[in-house]
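The chain contents come next:
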Amino acid sequence: MRKLTFCFCSILLAACSSIDCPVNNTVTTRYCFYNTDGDSLVLMDTLTISTVRQDGTDSIILNRNVGKASFSLPVSYSHPEDILVFNVYNKTMSVFDTVWVKKDDIPHFESVDCNASFFHRLTDVRHTKHFIDSIVIKNPSVDYDKNTTHFYIYPKVSD
Amino acid sequence: MLLTVPAAQAQMKFFKMQKDSIPLFRGFSVSFDLVGAGQMALSDYGQYEGALRINLHDEWFPIVEAGLGKASHDDEVTGMCYSTSALYFKIGVDKNLLKFKHGPNRLYGGLRYAFTSYKVDISCPEFPDPVWQWPTGYGMNDVACNYHWLEAVIGVDAKVFGPLHLGWSVRYKRRIAHSDGEIGKTWYVPGFGIYGDTRLGGTFNVIIDI
Numbered sequence: 001m002r003k004l005t006f007c008f009c010s011i012l013l014a015a016c017s018s019i020d021c022p023v024n025n026t027v028t029t030r031y032c033f034y035n036t037d038g039d040s041l042v043l044m045d046t047l048t049i050s051t052v053r054q055d056g057t058d059s060i061i062l063n064r065n066v067g068k069a070s071f072s073l074p075v076s077y078s079h080p081e082d083i084l085v086f087n088v089y090n091k092t093m094s095v096f097d098t099v100w101v102k103k104d105d106i107p108h109f110e111s112v113d114c115n116a117s118f119f120h121r122l123t124d125v126r127h128t129k130h131f132i133d134s135i136v137i138k139n140p141s142v143d144y145d146k147n148t149t150h151f152y153i154y155p156k157v158s159d
Numbered sequence: 001m002l003l004t005v006p007a008a009q010a011q012m013k014f015f016k017m018q019k020d021s022i023p024l025f026r027g028f029s030v031s032f033d034l035v036g037a038g039q040m041a042l043s044d045y046g047q048y049e050g051a052l053r054i055n056l057h058d059e060w061f062p063i064v065e066a067g068l069g070k071a072s073h074d075d076e077v078t079g080m081c082y083s084t085s086a087l088y089f090k091i092g093v094d095k096n097l098l099k100f101k102h103g104p105n106r107l108y109g110g111l112r113y114a115f116t117s118y119k120v121d122i123s124c125p126e127f128p129d130p131v132w133q134w135p136t137g138y139g140m141n142d143v144a145c146n147y148h149w150l151e152a153v154i155g156v157d158a159k160v161f162g163p164l165h166l167g168w169s170v171r172y173k174r175r176i177a178h179s180d181g182e183i184g185k186t187w188y189v190p191g192f193g194i195y196g197d198t199r200l201g202g203t204f205n206v207i208i209d210i
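Protein chains in written order, with the numbering used here: chain A, 1 to 159; chain B, 1 to 210.
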């Protein structure tokens, strides 16, 4: 009977629950550069991206990105459209492009222990055409998966 | 072939009832779980659960369990509010594993199929978006979900006096199918417990023979 009681207590202790928030709990969009041949492109110029916040001020969300073929950006939780200002520059030039990303926001619940999060469905993207030739939505579904590429960017200058 | 014949015979012996003068139908018993009620009293989720058990020759015990599972949680850290209240049902059978079946005490081993269909209300208070500072929040009401699971049960039942018995059981739960609506996941599932990681559970029953 003693052994049985010990087993019962052990099982009850083992049944205690834990906090089950996912380790990767950030929701970001991933952008990749491609040239006109469809090959991955490493951008040798410096790229800084800022966005316009609710109070009208700018906030840098990607700072001095150099020598990368891809980058990730945060997404606003529940605003229907994000405005992103791309600044591509080197020692001799500086070019600005504005990108507007439209999306539907989907509330996502994981557990009461986890902070509120939103998944998104990308619906439209438009942009000015100083440095960027075109942007294509490759995968409209934005969630915790940080390896999914959501946008293909085709720059005008590909070297 | 030589090995399979004794195995098959052992299986037949397990399912076969002992031949004696005791009648097949030995009555009903009803029970009430104190663990779930205690959970309900001490925390912000729990369940009231009762059961009706048929005694067949003190060996086999078909059982129906039904309960009301409730949760109302307002998290102090994350601010998330979660509430649900729904009925759940379990159906299964126990076998008395003791060699002497007709004694006052029993050791059960059994299986259950369980099901609940429930609706949840989830909300989070408004907070500023960490980058853009737009006010953000959400609230969803009556999100329809369902959950099916199996339980393997080991339990004991001891006669106290007259028709009154006390017993406990340990249960290993395994989800077999579920639908969480369109909200991602749910948290407390009526009758199952906290979503996902609650594989083990237990009951402490007050049982009355009728």
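To be clear, the hints were calculated from the coordinates, so they are not data collected in a lab. Being a predicted model, the structure only gives us computed values, none of them experimental. Every residue gets a Cβ at the ideal spot worked out from N, C-alpha and C, and that includes glycine. Mixed in with the good hints there might be a few duds.
As the list claims (entries may be wrong) - Keeping only pairs whose Cα atoms sit at most 30 Å apart, straight-line, the calculated DSS-like set for lysine-lysine is:
(1) A:138 to B:185
(2) A:146 to B:185
(3) B:185 to B:99
(4) B:19 to B:119
(5) B:185 to A:102
(6) B:70 to B:19
(7) B:119 to B:70
(8) A:146 to A:129
(9) A:102 to A:138
Stated by the list, open to error - Quick partial rundown of chain B residues pointing at chain A, CB under 7 Å, derived from the structure:
(10) 35
(11) 39
(12) 76
(13) 78
(14) 85
(15) 122
(16) 124
(17) 131
(18) 134
(19) 184
(20) 185
(21) 204
Structure-based check of all given hints:
As the CA atoms of residue 138 of chain A and residue 185 of chain B are separated by approximately 27 Å, the hinted pair is consistent with the 30 Å bound. Taking the CA atoms of residue 146 of chain A and residue 185 of chain B, the gap is about 20 Å. The hint holds against a cut of 30 Å. Simply put, residue 185 of chain B and residue 99 of chain B have alpha-carbon atoms about 45 Å apart, too far for the 30 Å limit, and the pair is violated. About 49 Å separates the Cα atoms of residue 19 of chain B and residue 119 of chain B, which puts this hinted pair outside 30 Å; it is violated.
Restraint check for residue 185 of chain B and residue 102 of chain A: the C-alpha separation of about 26 Å stays at or below 30 Å, so the hint holds. Restraint check for residue 70 of chain B and residue 19 of chain B: not satisfied, since their Cα atoms lie roughly 45 Å apart, outside the 30 Å limit. In summary, the hint linking residue 119 of chain B to residue 70 of chain B is supported, as the alpha carbons are separated by about 11 Å, within the 30 Å threshold. For the hint pairing residue 146 of chain A with residue 129 of chain A, the CA-to-CA distance comes to about 27 Å; that is within 30 Å, so the pair holds.
Only pairs whose Cα atoms come within 30 Å are accepted, and residue 102 of chain A paired with residue 138 of chain A is accepted, the gap being roughly 14 Å. Proximity of residue 35 of chain B to chain A is violated relative to the hint, the smallest CB-CB distance being about 9 Å (cut-off 7 Å). Taking 7 Å as the C-beta contact cut-off toward chain A, the hint placing residue 39 of chain B at the interface is violated, the least distance being around 12 Å. A least Cβ separation of about 10 Å between residue 76 of chain B and chain A goes past the 7 Å threshold, and the interface hint is therefore violated.
For residue 78 of chain B, the interface hint holds, the least distance from its beta-carbon to any beta-carbon of chain A being 5 Å, beneath 7 Å. Evaluation of the residue 85 of chain B hint against chain A yields a violated restraint, the C-beta minimum of about 16 Å exceeding 7 Å. About 5 Å separates the beta-carbon of residue 122 of chain B from the nearest beta-carbon of chain A, less than 7 Å, and the hint is met. The closest approach between the C-beta of residue 124 of chain B and any C-beta of chain A is roughly 4 Å, which is under the 7 Å cut-off, so the hint is satisfied.
About 5 Å separates the beta-carbon of residue 131 of chain B from the nearest beta-carbon of chain A, less than 7 Å, and the hint is met. Evaluation of the residue 134 of chain B hint against chain A yields a held restraint, the C-beta minimum of about 5 Å falling below 7 Å. Here the hint on residue 184 of chain B is kept, as its CB sits about 4 Å from the closest CB of chain A, short of 7 Å. Annotation: residue 185 of chain B was flagged as interfacial toward chain A, and the flag holds, the nearest CB pair being 6 Å apart, inside 7 Å.
The closest approach between the C-beta of residue 204 of chain B and any C-beta of chain A is roughly 10 Å, which is over the 7 Å cut-off, so the hint fails.
When each numbered hint is compared with the structure, violations occur for hints 3, 4, 6, 10, 11, 12, 14, 21.
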